[in-house]
Amino acid sequence: MDAVKAGPVPAPAAPPPAHRGGGALHVALIGNPNTGKSTLFNALTGMRQRVGNYSGVTVERVEGRYRDAAGNPVVVLDLPGTYSLSAASPDEEIALGVLLGRAPGVPAPDVVVVVVDAQNLERNLFLASQVLELGVPTVIALNQVDAARAAGLQVDPIELTLELGAPVVATVATRGEGLDVLKHAVAQAPSLPRPERLFSLPADAARALHPVEALLAASGLAAGAAAMESLRLLAVDHTDGHLAGIPGLAAAVAQARADVTGAGHAPRSLEAEVRYGWIADVVERTVTRVAEVGRTLTDRIDAVALHRVWGPLLFVALMGLVFQSIFTWAQPLMDAVEGLFNALGGAVGAVVPPGDLHGLLVDGVIAGVGSVLVFLPQIVILFLFIGFLEDTGYMARAAFIMDRFMRSVGLHGRSFIPLLSGYACAVPGILSTRTIESPKDRLATIMVLPLMSCSARIPIYTLLIGAFVPPVALAGVFNLQGVTLLAMYLLGTLSALGMAAVFKRTLLRGQARPMIMELPPYRIPSVKGLALSVWHRARLFLKKAGTVILSLSIVLWGLATYPKTSPTPGATADQAQEQQLAHSVLGRMGHAIEPAVRPLGYDWKIGVGIVASFAAREVFVSTMGTIYGVGAADEQSGSLRQELQHERNPATGRPAYTPLIAVGLMVFYVFAMMCMSTGAVTIRETGGGWKGVRWAAFQFGYMLALAYVSAFLVYQGGRLLGFT
Amino acid sequence: MLKRLLGRTKKAEALAPARRCGGCTLAACATGCQAAVLLMECDGEEAQRLRQLGLYEGACVKVVDSRNGMLLEVKGARLALGAALARSIRVLPMGS
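Residue numbers (our numbering), protein chains in the order written: chain D, 1 to 724; chain W, 1 to 96.
Any given hint could turn out to be false.
[To be verified] Quick partial rundown of chain D residues pointing at chain W, CB under 10 Å, derived from the structure:
#1 88
#2 278
#3 279
#4 280
#5 284
#6 524
#7 525
#8 527
#9 528
#10 643
[Claimed, not checked] Listed below are the simulated SDA-like cross-link pairs for lysine to any residue, each with C-alpha atoms no more than 25 Å apart in a straight line:
#11 62/W <-> 298/D
#12 440/D <-> 652/D
#13 62/W <-> 584/D
[As the list claims (entries may be wrong)] The following label-pair restraints were derived from C-beta to C-beta distances:
#14 73/W <-> 694/D: 23 to 33 Å
#15 296/D <-> 96/W: 16 to 26 Å
#16 288/D <-> 73/W: 13 to 23 Å
#17 44/W <-> 694/D: 24 to 34 Å
#18 473/D <-> 44/W: 56 to 66 Å
Hints are computed from structural coordinates only; laboratory data are not their basis. Please read all numbers here as calculations on a predicted model, not as lab measurements. Heads up, the beta-carbon is just placed ideally off N, CA and C, and yes, glycines get one too.
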């Protein structure tokens, strides 16, 4: 065949990413999803990791450090898992930008480590071949060689090194095998000859691509990178991102496509054809099938997990287990956290003399932060499950099973798990939407996620149901209280799905992206990896929610404490507390919004509860406790329930709270977006800055409108129907 | 009986245009069937993702399970495809 090697284009010498003398060696870790890349990263860097974001995008930036055998510091950047360097998704754009040294705020890597799965060499070498062309010193970590051997495959690392022109190191990241050799290879890589393109393009196609290569090289790309980029641009329509601002690039690419077509090739599939063609030869020379393996374990599990009947049943059972664990297993731990904060409050209270400082520390800071930290056990258990299901490979199957159902409301199967996480807390749920590729699907999922009843609503539901729903049996089996609780969860879930359908048909119109998903082989997760992922997510929750709640608790305490008033002579301590509240800024705010909440059947005291809980809904219960002077109230508090039941409207003399008002109030809390932490995360995850603020404001606004209208309809409709 | 009849009709529909262009849709392939990809009639962006995953014009794929969506073996990896997407990929069956 008439073929030429894609020759170097005369180009201004781009500064090679030289190893900064004296400083740390910068290593970028890249690989397909499910190659054990993160496990390798954890094994290399241990706990010395930093998680952040790349500037301007919501792609997680994970960085770690280690010292090599000579004691030199090495900084490892764990790039997002990606199948190619097509720059079609934010993850891929970041990965390519980093490798080319064009990602803002990220130093160009001195060495790239490509993690490839030895079981699945053919597909993994696609990305590796793209990386090798960039001309950056590269080491290939041939991971999971043990699993490959179990599958009857023997990969020869030496032969592969010769084929790829870059050192190949066999590793088993889960057991830490091969790490020392890998570290040594990384330290040596900058002094080795640079890797280059190893396959040839058809001569006419190579000629057609020359003008594009020349343009890219003139913009400062190295020859190898320009050749890789030009071939990539034939296939995809992404000339923006790190290539933005190169004049005439789009036109040159269009011309190249026409020329390639004229030469009898398909421009869109040329890259896949030539790369996979070359890879097939490499695989033939380096991989030996040493044993015939019949049905693998993955085959056998999938026969059940993806079965038309058993698959969904297994899925429901697993989700039931997750749900059950969040609410049952977490309880003792939650009690322990609560006890800890009560004890802390008592200890601090005993030391600090009564007064404003006492109030600020005990009622403000400790009680406020404690009310949020109490949810940490639920969040950790949820993340443990999600991490376990992800690491075993089941999560991809779950998304596949749920895809058809989620598609009926316009979402992708991947939206399911974030929505499920929302039952525990919307903050981690929103963070886990990062796996959703389509920006519109992701945005729709974020917008509806706070409608899933989170654990912060449980205290409100429990208090109101306990006080106003009689524990009568329904059909001899069900308890009306339990059924009411279930109804609240169903209301939230169904409205989340309904609103998603509305958004996907209006504001975020667009078909959900079709299901294309790799189902990785099942494997046993590493305890260390699982612990690290839970720790990272829990830390994020603690940091984000903790800082917000801490400041909020102080503000709320101030609003409920000032301005001060002297109690009327003869008032009991409880009455004095109520008078103080009525006189405080918070009390005045409650009075101010009374006309607005009157149509919902609420008085100023509920108004205070609502105002106080705008930033964190669970504050409603403790605020009602303060109003009714029952001290440290919680939802189980019998005295608070009785106070609510016996409260009379001073004007009419009738009960101030009726079952109808209670149901209306619960419906209000099902819908209302009263959580500052969720708002903060929504701002960050929808693009940050003003754009994020606008989405968060929209989320807050539509949910508040939904809450108000629904509570109004429940109360007024109920009255019309003769309920009280 | 009805299910079998419906299944046959569905298969016949999917196969009908095949006789005109020498292929059928991927969705029409039964479990265990191997096929060569002829044409991708899906959205350009999806086609591109599939090509990078090894499902490109000329590549050979194996149908692992066709009962519930489409489960394929492509370049040694297992790939799940939505049914609509599988209908937009034209293949040449090469036996099982």
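To see whether the hints hold, each was checked on the structure:
At a threshold of 10 Å, the smallest CB-CB gap from residue 88/D to chain W is about 7 Å, leaving the interface hint in force. The restraint placing residue 278/D at the interface with chain W is violated, with a minimum CB-CB distance near 13 Å, outside the 10 Å limit. Taken as an interface hint, residue 279/D checks out: its beta carbon lies about 8 Å from the nearest beta carbon of chain W, inside 10 Å. For residue 280/D, the shortest C-beta to C-beta distance to chain W is roughly 9 Å, which falls under 10 Å, so the interface hint holds.
Annotation: interface hint on residue 284/D violated; nearest CB of chain W at approximately 13 Å, more than 10 Å. About 18 Å separates the beta-carbon of residue 524/D from the nearest beta-carbon of chain W, more than 10 Å, and the hint is not met. For the restraint placing residue 525/D at the interface with chain W, the shortest Cβ-Cβ distance is roughly 19 Å, beyond the 10 Å limit, so the hint is violated. A least Cβ separation of about 26 Å between residue 527/D and chain W goes past the 10 Å threshold, and the interface hint is therefore violated.
Residue-level restraint check for residue 528/D is violated (minimum Cβ-Cβ distance to chain W is 26 Å; threshold 10 Å). Taking 10 Å as the C-beta cut-off, the interface hint given for residue 643/D is violated, the closest approach to chain W being about 55 Å. Of the supplied pair hints, the one linking residue 62/W and residue 298/D holds, its CA atoms being roughly 16 Å apart against a limit of 25 Å. With a C-alpha separation of about 51 Å, the suggested pairing of residue 440/D with residue 652/D is violated against the 25 Å cut-off.
With a CA separation close to 72 Å, the supplied pair residue 62/W and residue 584/D exceeds the 25 Å bound. Take residue 73/W and residue 694/D: their Cβ atoms lie about 45 Å apart, and the range 23 to 33 Å is violated. Against the hinted window of 16 to 26 Å, the Cβ-Cβ separation of residue 296/D and residue 96/W comes to about 19 Å, which satisfies the hint. The given range of 13 to 23 Å is respected by residue 288/D and residue 73/W, whose C-beta atoms sit roughly 20 Å from each other.
Take residue 44/W and residue 694/D: their Cβ atoms lie about 31 Å apart, and the range 24 to 34 Å holds. Against the hinted window of 56 to 66 Å, the Cβ-Cβ separation of residue 473/D and residue 44/W comes to about 60 Å, which satisfies the hint.
Hint compliance for this structure: hints 2, 5, 6, 7, 8, 9, 10, 12, 13 and 14 are broken, all remaining hints hold.
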